[in-house]
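This is what each chain is made of:
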Amino acid sequence: MKSLTKELWMNVPKRRAIISIHGEVEQLVRESGVQDGLALINAMHITASVFINDNESGLHQDYEEWLEELAPFDPSPERYQHNRTGEDNADAHHKRQIMGREVIVAITGGKLHLGPWEHIFYYEFDGGRKKRVLVKIIGD
Amino acid sequence: MKSLTKELWMNVPKRRAIISIHGEVEQLVRESGVQDGLALINAMHITASVFINDNESGLHQDYEEWLEELAPFDPSPERYQHNRTGEDNADAHHKRQIMGREVIVAITGGKLHLGPWEHIFYYEFDGGRKKRVLVKIIGD
Amino acid sequence: MKSLTKELWMNVPKRRAIISIHGEVEQLVRESGVQDGLALINAMHITASVFINDNESGLHQDYEEWLEELAPFDPSPERYQHNRTGEDNADAHHKRQIMGREVIVAITGGKLHLGPWEHIFYYEFDGGRKKRVLVKIIGD
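Those protein sequences? They're chains A, B and C, same order as listed. Numbering-wise, the working numbering puts 1319 at position 52 of the first sequence, and it's gapless, one number per residue. Numbering-wise, the working numbering puts 1399 at position 132 of the second sequence, and it's gapless, one number per residue. Numbering-wise, the working numbering puts 1407 at position 140 of the third sequence, and it's gapless, one number per residue.
Hints may be right or wrong, so weigh each one.
Just so you know, same-sequence chains aren't split out, so a pair can sit in one copy or run between any two.
List time: in silico SDA-like cross-link candidates among lysine to any residue, alpha-carbon distance up to 20 Å [claimed, not checked]: (1) K1378 - T1272; (2) K1269 - T1352; (3) K1397 - P1383; (4) K1281 - M1366; (5) K1397 - G1382; (6) K1269 - D1303; (7) K1398 - S1287.
These are computed hints drawn from the structure, not numbers from a lab. The model shown is predicted, which means the values in this text are computed figures rather than measured ones.
Okay, chain A solo, but in the shape it has when bound (with noise of 0.2 Å):
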């Protein structure tokens, strides 16, 4: 069995942001050597998500917005207990519940076994600090 495992570090500036981490992954697929296997690649970070979906920016924005209803950003102690403890992040660990931790991608042929549209992103909900994605490729 072969392996590859590299962790790929994110400094988001803003509050939240998608970014795209398709290439990344790909070019690990690559140096792994894999031709038959599976590829994980989860958020190390538990206000974090990757997510695989559409690389169109009209959609993230509809996320961000959707999110916000779901579980709306409210830093007083009221509203969520967790943001007693200091924190004003308790949205974010709701949000990443709704997007997820984790995604799973088959590797066939040596490349990522994806449909036409499929991308993966990298979704920060409370960002302003350096986080890391995990990418751990196992296969023959």
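Assemble chains B and C onto chain A, guided by the hints.
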């Protein structure tokens, strides 16, 4: 390491539907000869989901209504910026995030290792065209 | 390829609870002898989740209230068709979709490869009976 890779083609005439793919996945596990490993089952399109839940039609109808509340269908360009591109399926990209892109199921003793009520489904949110589900099995 | 398969039995007396299974999963990774691979941790029941987030009781209370807003408990047959079958747990099938069925965690150097605050939990949405979590570890 053994592996099996198979794309299942789906063609849902209606806009939305929940379709069992459980039997097909079971059959592919048998074909793979894998006794101990993992099966990845994922939608290859970004307006569809693969999920595991109850094979009960009332619950499926409940999901339909619930997802429509959380992310209503609205082809106009007002609610969703994505629909300014000429698409009308922004709601489908949202619903798919709630229900998920993929499931990973363990294989033990040559069979899917599932609880008594776990059943694998494809969820189409923007039908009327051909789409694919990927099954990737790896193990010994 | 090495592997380890273990079902963890859960018995939550209350209807809902968030329970750490982090230490048990760490122990199973040690037992497996796997240095480099993947760990799948999934609920074997369709009214429960396995998820990774913060080990902070205020946040867990926030999740309780948030999920109750998104998918309220209602045993009557009016809101949820599923509850016309004699069940009262349709809400639990919905909540589990938000929080997810499973997590996949990389194993590197014989240990779970996690960020500093990542903690593995079981989330029971319909307790009062015995349920299982599956841990499946594969790798070298």
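Structure-based check of each hint:
1. For a Cα distance limit of 20 Å, the shortest separation of K1378 from T1272 qualifies both inside one copy, at 16 Å, and across copies, at 13 Å.
2. Proximity of K1269 and T1352 under a CA criterion of 20 Å is satisfied in neither setting, with 43 Å inside one chain copy and 42 Å between copies.
3. Taking the shortest Cα distances, K1397 and P1383 sit within 20 Å of each other only across copies (13 Å), while inside one copy they are farther apart (31 Å).
4. Taking CA atoms no more than 20 Å apart as the test, K1281 paired with M1366 passes inside one copy only; the shortest distance there is 19 Å, against 26 Å between copies.
5. Taking identical chains as interchangeable, the C-alpha atoms of K1397 and G1382 lie at most 20 Å apart only when they sit on different chains, with a minimum of 12 Å there against 31 Å within one chain.
6. Taking identical chains as interchangeable, the C-alpha atoms of K1269 and D1303 lie at most 20 Å apart whether they share a chain (10 Å) or sit on different chains (9 Å).
7. Taking the shortest alpha-carbon separations for K1398 and S1287, only the intra-copy value of 15 Å comes in at or below 20 Å, while the best inter-copy value is 24 Å.
The earlier numbered hint that this structure contradicts is number 2, and it is the only one.
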